[in-house]
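Colleague: So the chains spell out like this:
Number of protein chains: 2
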Amino acid sequence: MTIKHALPVTRDQDFAAWYQAVIAEADLAEESGVRGCMVIRPWGYGIWERIQRLLDERIKATGHENCYFPLFIPLSYFEKEAEHVEGFAKEMAVVTHHRLIGDGKGGLVPDPAAKLEEPLIVRPTSETVIGAAFARWVQSWRDLPVLINQWANVVRWEMRTRMFLRTSEFLWQEGHTAHASVQEARDETLKMLEVYRAFAEDCLALPVVAGEKPENERFPGAVATYSIEAMMQDGKALQAGTSHFLGTNFASAQNIRFQNAGGELELANTTSWGVSTRMIGGVIMVHGDDDGLRVPPRIAPWQVVIVPMLRDGPEDEALVAYCKALQQELATLAAFGEPLRALLDLKPAKAAAKRWGWVKKGAPLVVEVGPRDMAGGNVSVVRRDRLYRADGKLDSAIVARATFVAEASGLLESVQAALFAEAAARLRGSIAPAADLAAVEAHFADTCANPGWVDVAWARPAGAALDAVVERLKALKLTIRNAPLAQGAIDGPCVFTGAPAVERVLVGRAY
Amino acid sequence: MTIKHALPVTRDQDFAAWYQAVIAEADLAEESGVRGCMVIRPWGYGIWERIQRLLDERIKATGHENCYFPLFIPLSYFEKEAEHVEGFAKEMAVVTHHRLIGDGKGGLVPDPAAKLEEPLIVRPTSETVIGAAFARWVQSWRDLPVLINQWANVVRWEMRTRMFLRTSEFLWQEGHTAHASVQEARDETLKMLEVYRAFAEDCLALPVVAGEKPENERFPGAVATYSIEAMMQDGKALQAGTSHFLGTNFASAQNIRFQNAGGELELANTTSWGVSTRMIGGVIMVHGDDDGLRVPPRIAPWQVVIVPMLRDGPEDEALVAYCKALQQELATLAAFGEPLRALLDLKPAKAAAKRWGWVKKGAPLVVEVGPRDMAGGNVSVVRRDRLYRADGKLDSAIVARATFVAEASGLLESVQAALFAEAAARLRGSIAPAADLAAVEAHFADTCANPGWVDVAWARPAGAALDAVVERLKALKLTIRNAPLAQGAIDGPCVFTGAPAVERVLVGRAY
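The listed protein sequences derive, respectively, from chains A and B. Anchor point for the first sequence: position 422 equals 406 in our numbering, and the numbering is continuous, going up by one each time. Anchor point for the second sequence: position 278 equals 262 in our numbering, and the numbering is continuous, going up by one each time.
Keep in mind that a hint or two might mislead.
Ranges between beta-carbon positions, derived for each pair [as the list claims (entries may be wrong)]:
(1) 320(B) to 144(A): 48 to 58 angstroms
(2) 380(B) to 241(A): 36 to 46 angstroms
(3) 455(A) to 333(B): 21 to 31 angstroms
(4) 93(B) to 455(A): 50 to 60 angstroms
(5) 430(B) to 15(A): 53 to 63 angstroms
Cross-link-like lysine to aspartate or glutamate pairs, in silico, EDC-like; alpha carbons within 20 angstroms at most [said to hold, decoys possible]:
(6) 334(B) to 322(B)
(7) 331(A) to 375(A)
(8) 331(B) to 168(A)
(9) 334(B) to 127(A)
(10) 99(A) to 375(B)
(11) -12(B) to 375(B)
(12) 74(B) to 101(A)
(13) 331(A) to 299(A)
(14) 99(A) to 33(B)
(15) 99(B) to 250(A)
(16) 89(A) to 70(B)
Every beta carbon over 10 angstroms from chain B, so not counted as near; a handful from chain A, in silico [as the list claims (entries may be wrong)]:
(17) -1
(18) 58
(19) 136
(20) 149
(21) 178
(22) 246
(23) 248
(24) 318
(25) 340
(26) 419
(27) 420
(28) 457
Calculated directly from the structure, the hints in this document are not laboratory data. Just so it is clear, CB atoms sit at the ideal spot from N, CA and C, and this is done for glycine as well.
So that you can see chain A by itself, here it is in the shape it has in the complex (with noise of 0.2 angstroms):
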C-alpha cells in the first residue's frame, strides 16, 4: 500500500531537499535572514540543551572545568601559530570599528574616527587565546595538568551554508587541556574521542567510528587528529566531534612552559577537542524518515506527548483533567535515570493537527487521549520509531492508562536502543572493503541510495604521495574519513600506492 506521509518529500525522492523539509516541519531552525546564520527554534534547542546536559556531565566526570573565555581575539595572536592561521585565516570575521555614525541621510555607517587600532578577529577557535591564558596560569608541574572547556558561539566564515551542518556561526564546547607529557596528552586526546563515542552511542543513538584522520585532515597546528565519523542514510560520512593532540606546537608559538620536577623549564603538550550544533544535523540524516525527525528519548526536549481531543464543549474539562492527572503521574517517574518528561499540548488547535506536528518534531510517544479513552480508563498510544502497522495505518495502541503508566519508561528505553539498532545495522551493513583502486570507483560509480564506504589498506603515505591520492580521491568526490581505532586485519599492498599497507582506512563521501 502507498502510505501518505508528513512531509512533502521523501529521503528517496531527494535528500538534501528532504533535509531542509524536516528542519523547517519539525520547526528545529530557520533561515535568520542574516547571512549565513540561522535561528535555532524551541525544538531545535531543546534537544541541544539535552545534549549540552548530557555531555556537559561527561566532560564534567572526566575531571574538567567549565570557564568562559573572550569572543574577540586580536589579530596578533593569529600571526603567532603560521600553520594554525593558514588554515583559518580565510573565512574569519574582523571587526574593524567600534560605533556608529549618521550618515546624514538618515542611515549609519561605521565611524571613521573609531577604527580599532588592531582589528578583532570573532574567534573561529579558541586555542590562540586559551594558549595565552595557559601560559599566565602555568609555572610549574603542580600546576599540571590544566583541564577547562568552554560552551560558546564561534564564527567561520562559509561561502555555502546549510542549517546545522555548515553554518556562519554555530555553537559548540571546546575543550582544552594542557599536560606535563606527550603521553598524558597523548591519553587525553584519546579519552575525549571515547566520551564523544560512548556519548554518540549512548545518547545520540549515533553509531560511529572512531579513528585517526589522515595528514591532510589534520586540524590546522595539530601533531594528530582523531574523529568520530557517522553514517547518513545517504551513505554520506558526517565528522561529529573532534579530538586533537597539539604536542607543543601552541605551547611553543603561546609559551606555555613550567619547570619540572627536576626544576628545567619545559614546554606543556596540549590537546583541543570539540563538537558542535552539527551533531543535530547529524541526528536528522541518521534518524530522519518520510514523516520527520525521530529524537532519541534520552535527547528528547519531551519524551511523552500527551494530545487531549478536545472538541470545545463541557466534556473538555473532564478529559483534561483526566490527561493532567496523566501527565502528573509521569512526570514522577525517572527514564534514563532522569526524571521523564511529559508535556500535556494544550495549544489551540485540532488534535490531529498537533497529533502529526508531534509526529513530524519526532516526540518518542504521543499519547492520544479521546472521551472514548477516558471512559475505557484507557490512553492511544503512538511509538514514532514505528509509526505505521503492516497495513499502512497509523499504529496507535490503545492501552490501559495504568500499564502504560508502568510501561512508560521502558517503552523509551525501548525506543532509543531500537533506533540505534537500526542506524549500526545500516552502519555495519554499508562499509565494504576494497581490494583496489578500481573496486573503489566501480562501488562509488554505482548509483544506488546509500553507497556507503569502502574499507582500504593503505601505506599511509606522506608528502606529495598522499597530495596524490587525496587529489585522485577527490575526483571521484571522496576522502579518507579516517582510520578506526579497531583494526582489521591489514593484507595485500595499498590501494593506491601498491606499497606494503600499514593500516586500513575507511574512504567514502561526505558533508
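Based on the hints, put chain B in the right spot on chain A.
Modeller: Coordinates of chain B only, in the frame set by chain A:
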C-alpha cells in the same frame, strides 16, 4: 584584637581595590589581554552555571522556551527603530570584513576584497533580530503569546571597564515576548520582574528593591522599564536586572502584526527582560568580606570542601579513605532540593594554603580532617559566614563526623539565611527619608563608608523639568534608582520641584 585578614586590602581601606582583590584571590576572573573582555575562571564560571541553572528553571516554569538567535545583526535592522539605535549606536562592535590576507611582511590585514556590502553589528541586545523572527512567526491571535528566552553573549563597547560590572563582552539571558493585549504584556513585564526579585533573594541571598525606572533611565525604545536594585556594602546601587514593556514600538518597526479574533490586523505588544554576569559583581560586593568572597550555598559550585591534612607519609592513605567516604556520604544528601555538592580537595599543596584558598573563594563550609580528627571520628568545620570567634581566632569547630553529616544540609540552609539576613538588615538600615533637596545634599555630603540611599517624594516631572532634576542629581553624583513597587506614604511636595508629589523614588550613587 587585630585579625590578619586573607586579602591584601580591606573594604574600609579601598573598596574598589578590595573588589579587584576578591576577584583575583578567589580566582573568579582575570583580564584577558583583549580590550574590555575578561576570562571567567572555573570558580567564577561555576557560579554563573549555578545562576543559569536556577534561573533557567524559573524562566521555563513561567512558560518560556529557549531559542538561539544570530550573534550578528545587519546594520539596517538598527536603522528601523530610531530611538533604539540612538541609545546603542555609540558603543557597538562592527564587523566589516570576512577574511584576512597576508600583508607581505609576515603579518595579516583585513582583505579589502572581502569587505562586507552591509556591515554586521555584534549584538548589543537582540530586540531587532528577534522582532524580525516574531514578525515571521506571528500571523493570528492563536500564535500569541510568543514567550522565548536566550542565553547568549552580547557586546557593548565600553571605554571604562570593570570586571563583571561593565565589560565589553558579557554573558546574559534575554527574554523576549509578544502579546495580543497591552494588559497581558504589562503583566508579563511585572511577572518577570518578580521572577528576578524572588531569584535574587532566594538564590543569591541578594535583597533588592523592585520598582520602575524614571523616564530618563528607560531602555531605548521602551514604554516602561523596571529594575531590581541591590545595595552594595559601600552604599552604591547595582541595577541587577531589568524588565521592559516595549508597547508597540518594536512591533511597529519590525511589523509584528496579528489578525485578532475579530479578523482585524493589530500590532503586538512586546516585552524584553534580562540579567547578566553583572549579578556576580553584586554577589561579590554584597557578600564579600576582608577574607574574600562568601558564596551563598545555593549558587556555590561546591558547597562543602573537604581538605585532608596530609603529611606525605604512609598514614595519608587511611586519611584519604576517611575523607572519600565522607565526600561520598555527603553527595547522597540533598540540600535546597538538589544533590549536595561536596568536593574532596586532593591537589598537591599544603592543607593550610588550601584552607585559605577555599576561604577566599568563599566555599560555604570548609571541612578539615587531620589524623586526630579521624582518630576521634570527628571533622573540623569552618562556616564561611562566621569565620572568627569573639577572640579573633578562626572558628573551627570539632564535631563528630556523623553529626556533621546529619546537620550538613541544615548548616547550608543556615548559611544561606544568614547571608540574606545580614544583607537585608544593611539594606533596610541604609535607606533614609529626605524631606527636601538640602537634606539630600547633606546626606551625601557626609563621608561615611556607606551613605546608602535616600527615599524622597517627587512629582514625576517629564521633559525639561526631568532633565533639570537629572542634572542637579548628577552634580551630586546621584541618580534616581527606581520608584519601588511597594510605595510608602506619599506626603508633602516634590523634593525637586515643590509640586505635589505623586510617588516616592530612591536616590543614590550607583555602579
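Colleague: Which constraints among the numbered hints does this structure fail? Numbers only, ascending.
Modeller: 3, 4, 6, 7, 10, 14, 15, 18 and 19
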